[in-house]
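J.: Listed below are the residues making up each chain.
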Amino acid sequence: MGDYFTIGRGDEVVEGDAAAFEIQGTQVAVARVGGALYAFGDICTHQGCTLMPGGELDGTELTCGCHGSMFSIETGAVLDGPATQPIEVYPSREVDGEIQIEV
Amino acid sequence: MPRETVVVVGASLAGGTAAATLRDEGFDGRIVLIGEEPELPYQRPPLSKTYLRGESARDTLLVRPDDWWTEHEVETRTGTRVQALDPAARTATLADGEAIAFDRCLLATGVRNRALDVPGVDLEGVVHLRTMADSDRIRAAAADAGHVVVVGMGFIGAEVAASLRMLGVEVTVIELYETALRKVLGLRLGDVLAAIHRDHGVAMRFNDAVGRFEGSTRVERVVTRDGDMIDCGLVVVGIGTVPSTEASGALALAPDGGVAVDARLETAVPGVFAAGDVASHAHPVLGRVRVEHFDNAVKMGAHAARAMLGSPDAFDDPHWFWSDQYDQHLQMGGVALTDDMVVRGSLEERSFCAFFLDEGGVLRASVALNRPRECRRSLPLIRAGVAPDRGLLADPDVDLRTLA
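Residue numbers (the numbering used here), protein chains in the order written: chain F, 1 to 103; chain P, 1 to 404.
So, partial list: chain P residues that the calculated Cβ filter (under 10 Å) puts toward chain F:
1) Pro-46
2) Glu-55
3) Ser-56
4) Leu-62
5) Arg-64
6) Pro-65
7) Phe-294
8) Val-298
9) Lys-299
10) Asp-324
11) His-329
12) Asn-370
13) Cys-375
14) Arg-376
15) Arg-377
Counterexamples of contact, computed for chain P against chain F with all Cβ distances above 10 Å:
16) Glu-75
17) Leu-253
18) Ala-254
Hints in this document: simulated from the structure, not taken from any laboratory. Built from N, CA and C at the ideal position, the CB exists for glycine as well.
Generate coordinates for the entire structure from the input sequences, incorporating the hints supplied.
T.: Now the structure itself:
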């Protein structure tokens, strides 16, 4: 088990969208979909573009803005596009209005 | 019951994706994938960008890892070509005379580079870019070329010029039209791209063309049609393509030179399909189109596989592609611009999404520079053929998804 780190305020992540954060040199993004939080690595595994804010979220499917790679933000799996490697996903939670992720 | 055989002509992105999709969808018959290049299917976009600059390794380009094809019993025949395709007899004959009988066949032979017909074009150091091997050659030669001339400023020329500048190489571009990417993007947007290249130190000679190449055995200079002389150690030619239809046998070609297919990618011969750059597609929304981009090759390849397995669905993707030049991300949705442009954002600030409406106000295409979300959100509107309000299109605070 890793430790949970606070990365930002809950109101920075609106429903149906994701926001980018940096924690200890790692770029992560957090989405809020159907009330639930999803934290994932913010760097596309295809060619290193940041996924947010250019990416497009449709439910829990995220399409990278650069080249159209599509990932599940639940599992990190590649769903479509030129990427072949999954993105990282992290456990996350909201405590007292703060978003925390486990890294 | 005997196993069915699918022959895929062209171990390309579209062909490889189709073969892989057949297996992914559970097809357990024989699959034969035939390609001219020694390589198994790979992605070409990096050949003018990250792969050319040495930032992406070969393995990252592969459609599937090297082992995947044998593990999934896909017979790969590389370094050969289909000499004769007999759609009626359902056989594909290879260069060595082997005849392969098929139940279904997919043509995914792509395009080849248009040749430049000027004196000196056969000199060493005058090269084209299509394959991984071509990209390797350009990278190696550019290192000590001193000065590189790029002929043509379409996407290949513009991306090669950008990559070479990023490697610190001096570049001059010679382009027949009056600005960069004129045929695809039009004058105003082409000028935006030309300005980006100018800022990065590319010398551009518009409204000119190559008259001849000079040198003893290796190219040493270009003499333009206007009579200018440009010393150089390497020339990269990117002046367009022609469909590779040599293997298409008696199949009907469309006016655009591609193999004509219906909405679900089947030719007039039942069981014979085409996908990717070579396919002239009866698109249900956009009309007859032939598209030479990555996303289309992948999506068409996968769609053709499902069509070969019996899916009745039309291929109705609105089309989308990207072109990365320096740190700029250019993207386009749809296939052809119209004369009526509505701009959201700013051309001068190089942050915009331009929307192109037809005479009935229907959104037909979009071009975005560094605004990927808006380009992506315009795609469902193009697919649906909607006529959005111009003011709402231009307003950056309006979420395009609400215009569907």
